[in-house]
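Protein chains: 2
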Amino acid sequence: MGETKKLNRVLLVGGTHGNEFIGIFLIKKFQQFPHLIARSSFETQTLLGNPKAFKANMRYIDKDLNRCFAQHFSEEEDLIAYEDIRAREIHQQFGSSGETPADVVVDLHSSTANMGLTLIIDRDDAFTLQLAAYLSSVNPSIKIYHSGDSGRSEDSFRSLGKLGVAVEVGPISQGVLKAELFLKTEALIHEILNFLEKFNQGEVLFFNQELTVYRYVKTIDYPRNKSGEIQAMIHPHLQFRDYHPLHPDDPMFLSFDGTVISYEDASTTHPIFINEAAYYEKGIAMSLTKKQQLPIHVEDDHQINVGNFL
Amino acid sequence: MGETKKLNRVLLVGGTHGNEFIGIFLIKKFQQFPHLIARSSFETQTLLGNPKAFKANMRYIDKDLNRCFAQHFSEEEDLIAYEDIRAREIHQQFGSSGETPADVVVDLHSSTANMGLTLIIDRDDAFTLQLAAYLSSVNPSIKIYHSGDSGRSEDSFRSLGKLGVAVEVGPISQGVLKAELFLKTEALIHEILNFLEKFNQGEVLFFNQELTVYRYVKTIDYPRNKSGEIQAMIHPHLQFRDYHPLHPDDPMFLSFDGTVISYEDASTTHPIFINEAAYYEKGIAMSLTKKQQLPIHVEDDHQINVGNFL
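Protein sequences, first through last, are from chains A and B.
Following numbering that gives the first Met the number 0, the numbering of the first sequence begins with 0 at its first residue and continues without gaps.
Following numbering that gives the first Met the number 0, the numbering of the second sequence begins with 0 at its first residue and continues without gaps.
Hints may contain errors.
As the list claims (entries may be wrong) - Once the Cα atoms are required to be at most 25 angstroms apart in a straight line, the calculated SDA-like pairs of lysine to any residue come out as:
1) B:Lys54 with A:Ile219
2) A:Lys183 with A:Asn193
3) A:Lys62 with B:His236
Everything labelled a hint here was simulated from the structure, so no lab data went into it.
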């Protein structure tokens, strides 16, 4: 059994996208009532990711902040985009060699897709999977999206932490609050913090078990014409059906002239981020995932050793 | 009986707000397939209201185009805001003294609120009420919102026409399409055009009857602190309950610290535009309306004479 290292600092982030209000107003609430997120064994810090974009009520000013963290952040480099400058600031504060390095980053997002309560993970390590399993056991409606192959493990805000996860909730329009989802997201954050506290206190958390995850496979764009204009919408049968199985030949899109366009791949998939507003410009109508049962292997003494990952 | 005047030109507008995609993509469809909106007795024209805002995927560039039509549009004046310049262009084309004056303007909008299929009218004249009654009879789920006292009869795009109505559909996020609502909105447009055709062809449409309308009373802002920051959300019991009665002491808002804020007025109201994303910046959490039965008086020969209004 290796020496168990403690988690010292957790960073809660909202407003990495300036028009995703649930995370933003949760961070504001926590900043007003810091005792809510205080735990005895670690420090919890909060951050509004992109305050300038929030003020403008836009996802970003110049570029998506959640794609800006794959850089080296040389001090000399003249950065032009606001989000690059902001990412460097954040890196200097919370990065591994920053002033207050974050052991864990929890980045709060929301989606116009029916994502329910989703925990996004990028890695298969036992600590991350146990966190996911713990949340699933507390609230079985929570879905686990494994985005390891999507590129986000390299360039997202959460990639800044030694351990990083995102919370993605929906459906909710950009630029609005929705009380029910706000309360559910708040409860989920408390359970994440509770897990980290339990971990630090050496409580045995889980034994070997299985976890259902939805693993990123690829994205699908809308049908477009030669000028890049969208020619079809998400089919009504697929709208809001995130995490449900989509079988070969199931309707996928409905073109403006009434033609049904079906899912053509050979195997069943579980699409998510269906009709996410922010992804129209990225050429993404949905992300296809593969539903998997992942075994969680823990140490012989049933103790997870985060030291392997920190 | 007065001489019945014909309607010569109908203008269908989408994208007065650049991030309301249903109207925008319907206009694009109609521009590609103009026979769909052709009728024998009048000309139907189409317009993308704010193409620059659509390209930017924003409601507007400088200011809300749907508040820009109360001006005199002097040719000499140096206009600065893009939407003022655009409104003058549109006025010069489709205004009463324009090149192709529009007898009827139908302006297509969408909302993050649960507006269902709403026809917005600003006036009580028999022609407008008969149009509303006709649509209600074809599809009883259509709601009629009378915004006469809201100020929109003065400054909205639809105020440009001799007769103007707006179609407001929801709930839908900004910047997305939703096939089911797209199809329903398209069907509603066809029924509007069918009514205008019947009118021009002198078909007796309706006898005296009553019509249920929801008449604008006032708007309610979110509870805010001294810096203007929102302190509460729409209460979960009220979210998506547009057009339902809200009684005195019913919950209205839920503050971030869990306090319930109730509706305090003395009489029951029917709120609409509940949690509309675009209205946060306008200081509007919802619009309160009064549900009314309006009598529709028609001429003795049961013929509506639009000549009184044109």
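Hints and how they fare:
no.: 1; hint: B:Lys54 with A:Ile219; in the structure: holds, 22 angstroms
no.: 2; hint: A:Lys183 with A:Asn193; in the structure: holds, 15 angstroms
no.: 3; hint: A:Lys62 with B:His236; in the structure: violated, 37 angstroms
Of the hints listed earlier, the one the structure fails to meet is number 3.
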